[in-house]
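Engineer: Now for the letters of each chain:
4 protein chains.
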Amino acid sequence: MAAVTIWNEYRHEREDEAVAAVYPDGIHATIADALADEHDVQTATLDDPEHGLTVDVLESTDVLCWWGHDAHDEVDDAVVERVHERVLEGMGLLVLHSAHYSKLFKRLMGTSCSLQWREDGGLERLWVVDPGHPIADGLGAWFELPETEMYGEPFDVPEPDRLVFTSWFEGGEVFRSGCCYRRGSGRIFYFRPGHETYPIYEHETVRRVLRNAVDWATPVDGSPRTFGHRERS
Amino acid sequence: MAAVTIWNEYRHEREDEAVAAVYPDGIHATIADALADEHDVQTATLDDPEHGLTVDVLESTDVLCWWGHDAHDEVDDAVVERVHERVLEGMGLLVLHSAHYSKLFKRLMGTSCSLQWREDGGLERLWVVDPGHPIADGLGAWFELPETEMYGEPFDVPEPDRLVFTSWFEGGEVFRSGCCYRRGSGRIFYFRPGHETYPIYEHETVRRVLRNAVDWATPVDGSPRTFGHRERS
Amino acid sequence: MAAVTIWNEYRHEREDEAVAAVYPDGIHATIADALADEHDVQTATLDDPEHGLTVDVLESTDVLCWWGHDAHDEVDDAVVERVHERVLEGMGLLVLHSAHYSKLFKRLMGTSCSLQWREDGGLERLWVVDPGHPIADGLGAWFELPETEMYGEPFDVPEPDRLVFTSWFEGGEVFRSGCCYRRGSGRIFYFRPGHETYPIYEHETVRRVLRNAVDWATPVDGSPRTFGHRERS
Amino acid sequence: MAAVTIWNEYRHEREDEAVAAVYPDGIHATIADALADEHDVQTATLDDPEHGLTVDVLESTDVLCWWGHDAHDEVDDAVVERVHERVLEGMGLLVLHSAHYSKLFKRLMGTSCSLQWREDGGLERLWVVDPGHPIADGLGAWFELPETEMYGEPFDVPEPDRLVFTSWFEGGEVFRSGCCYRRGSGRIFYFRPGHETYPIYEHETVRRVLRNAVDWATPVDGSPRTFGHRERS
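Residue numbers (the working numbering), protein chains in the order written: chain A, 1 to 233; chain B, 1 to 233; chain C, 1 to 233; chain D, 1 to 233.
If we strip away everything but chain A, and leave its shape as in the complex, we get:
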C-alpha cells in the first residue's frame, strides 16, 4: 500500500458543463476511486494553498499523479521546484495526458515535450509493446478507447527507458503512449489517455494501468530515499 497524492488542475470541471457531466467531482476524484481500494489516497488541486503540495504532503507521498491542461503557467515555480526535487529523491510520478506540457514534465525531460494533436473523438487502440513490463500486468495484447483526443508523433521526449504502449489512431497516427523514465532516484511514467471530455478514467483497463503504474513507481522500501548529500565546488 503506497501513499498516493493525485494532483488535478480542476478548472475544466468547474467551468465547463460538458466536462462536469463526465467528471462531476473532478478528474482527481475519479482517479482516486480507481486507486483507493489498494492505496492510501489523497488529492490536491491548483487552487489549494501551495496547490496542495506542501512540504509535508510531498514528504509523505510515495507516488504523485499529475493532471493539468489549461493552466500550466499558473503553477508556481517554487512548487514545481519542490516536486522536482522530491522526484529526484525517489517519489514516483505519473504524468497523465495533457500534463506532457506541464512545467514539471518538461523540466524533468529537458525537451519541449511537444506533439501533434487533433480533438476528433476517434478510436484509439493501445498496443502492449512490452508484455513483460509490470505496468502491462494482466492486460491483453491491446485495449481500445472508443472516443479520444488524438496525440501524434513526433513526441519530443528523450528515448524512454522502456516503452510499454504504442497507440494506433483511426485517423492515421501513432503515438508512444506509455513511457518509463528514471530521473535521480524517482520513477516516472507518462501515460497518454485521459482527455477531460471523455470518461477515460472510468475505463476498466485504464484503471488497471493506473494501479499497475502506482505499484511500479513506488519506491522499494515504501518511503522516500535520497540520492544523497553530494556537493561539488
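Honestly, the hints are just simulated from the structure, not real lab data. Check the hints yourself; a few may be wrong.
[Unchecked claim] Taking lysine to any residue and the SDA-like style, the derived pairs with C-alpha atoms no more than 20 Å apart in a straight line are:
1. B:103 to B:75
2. A:103 to D:77
3. C:103 to C:182
4. D:103 to D:49
5. B:106 to C:81
6. B:106 to C:80
Once you have looked at the hints, place chains B, C and D on chain A.
Structural biologist: Using the frame of chain A, we list chains B, C and D on its own:
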C-alpha cells in the same frame, strides 16, 4: 563512399513468377541500384559458395545488407558466426523486413525476434518519431507504402538504442519499423519495409532511407575496427 | 518469496583443494545460504542429469542464478536453449562473475562478452552509481572486497538498461560490475563479484546484493509469464 | 568542417594568477586552438553582450562548447532558453568539466547533475569502455592525466545513451567521464576533463577527443535542423 555488400536469399525471385515480375534480377539488384551512385556495391546470395560471404568479402565490407525469408535455416552456422564477429568488429549491418527471423539477427539481439504478421496488401504509413536522426535525413513527417505485408507488435527485441520509425497499418496495428542498435563496435539498423511481392525497394523514400542507413552504419574511418584482443581466464 | 534455483558448475570445489577450503559444499551452497531465509531455494549443477535444469525445474523457477567458469563448453546446447526460452518468457536471471563467458549469457547479449582480467588478489571497491535502484537498497555509497580477481574494461556487452555498480581496482582498472538488462519478459542482472578462490559470497554486502537482485528479477506476479504466441510467415 | 562556437566563463583566467599562468588567453583560446585546423571556430564569453550568444551567433553554430564554473548563476535565463532551444533544433553541444553544474546542462538533463569532488591534483586514468564509438576514434585502451581534480560517483544524470569513458582516480573513485545524450534533434556530449588549474586542454589526447566529439555532434547536413512545427491544445 562505403564498401557495401548486399546479401539476398534469392530464392523467391527464381521460384515464383509473381515475385520475379516485381524483382526480375533479384531483390539484391534493386537494392544495389538504390545505392550504386554513392557507394561501391557488390552482391552475394545464399547459393553462392560460402553464401558469397567469404573472409575476404567480409573484410572488405563496411556495411552489409541482409534480406532473407524462406531459407533462414539453410544459412550455414559457420558463416553466421563469421558475419556476427565482423559486426562486433565494426562492420555496419542493415537487417531488412523478414530478416528479423534470420539466424544472424536473432543471434545479435538475443531474443526470439518474433512478431505478428498478416499478408493483406494494406496501406502502411511510416511516421518519423526521431526527426533529428541521420537515417531520417531529408524525409518528411511520414511516408506511405500503398501495399504491404503487415507486421504488428509485440516485436520481441531489446529496447532499441534509437527508434526512428513507427508504422501505422490500416488494419489496426502498429510496429517499431526502424530500430537502431550497437553491438560490439558495429551499428545495426532493422528496417521493416520490403516484402518480396510488392515493389517496396523501388519506392523513392525507402531508397533514401537505405542510403541514409548505409551512411549511418559505416564505421567512422571507413574501415573495420576491432573491439580488441581481450581475453580472460 | 520467490522460487530460486542456483546453478553451479561445481567442478573447482571438487578438484582444487584451495577452492574446497573456501567453498567446502560448493559455491551454490553458500549462495543458497544467503537466500534461504527469504526464498524457496533449490540447487542444480553441471553433472546432474540435464545439468539439473529439466523442464519441470525451470517451469517452477522464478529466478535462476548462474555460476560457471571452466566448463562453459560442457553445457549442453539444448539446455542452454531451454533456459534461454524461459528467460524470454519471464524467468529472472542472475549471471555471476565468470559466467559472463557462459553460452547462456553470450547468447542473451549477442556480443562476445569479453573483458580484461588479472588474478592478483587486489582490492576492489564497488561504487553505487544508481543509488535509487532496488538492487542498491540498503547499501552505502560503496563497499569493498579486500581480495579479488580483477576484471577490466572494455566489457563487450550491449549498453546496460541500468548500470548499478562500477568497480575501482587498486591496480588501475575500472569495470561495470552491476548491469541490468531486459530480454523478452525476463530481467537479467550481471554481477561481477565471485571468484572461486576468495570467500566473496560470504561477504555480507554481496549477500545483500544477491537478495536485492532476486527481488528485482522476480516476475511481478510470482509466476512465469509468456511473451505470447506470436508467429510470422 | 563545422561552425564551432566555444563559450567560456572567462573569469578565473582574469582573476587568478595561477590560472592565468596555465591559460593566459583563456580556456576558450586553448580549445579553439585544438579545433581550428579542422573547423571554423569562434569564441564567446560571459561578459560579452548577451554572453556572446546572440540569435545570429547561435543560428550559424553547428556545435557549441561550454565551459563554466564559478558564475553559473550569472548566465541570463533568456540566453539559456535560447541555447536550449537551439540544441533541441539540432545544434551539437559539448559540456566540459564543471559545466555539469551549468543551468544549461541541468535543464537538458532534468536532474541535479550533482557529483562528488576533491581538488587533489591526483592521477586520472580514462578507460575507453566503448571502443567503437566515433568519439574514441584513434585512441588506445586508456589515457592518463597526471594531475586533475577528482570527480566521483554518484553522478546524478539520466542513464547515458552511450557511455564512452569511465575514469579511475588514484584516490579510489570512479566516474562516468564521457556521456552521450540526444535531446530533441541535438547531440550532447559531457566530457569530464578540464579543470582550470591544470593544462588539461593542452593534452594531445584530450584535444583529439574534442575534435572527435565535434565531428560526432555536428548535425548531419552541416546546418541546423528543426524538430518541427508541432503544436497542441
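Engineer: Indicate, hint by hint, whether the structure satisfies it.
Structural biologist: Results of checking the hints against the structure:
Taking the CA atoms of residue 103 of chain B and residue 75 of chain B, the gap is about 8 Å. The hint holds against a cut of 20 Å. Annotation: proposed proximity of residue 103 of chain A to residue 77 of chain D holds, straight-line Cα distance about 16 Å (limit 20 Å). Restraint check for residue 103 of chain C and residue 182 of chain C: the C-alpha separation of about 18 Å stays at or below 20 Å, so the hint holds. A hinted pair counts as satisfied when its Cα atoms are at most 20 Å apart, and residue 103 of chain D with residue 49 of chain D qualifies at roughly 18 Å.
Proposed proximity of residue 106 of chain B and residue 81 of chain C is supported: the alpha carbons are some 13 Å apart, at most 20 Å. Taken as a hint, the residue 106 of chain B and residue 80 of chain C pair is honoured in the structure, with Cα atoms around 15 Å apart against an allowance of 20 Å.
The structure fails none of the hints (numbered hints given earlier).
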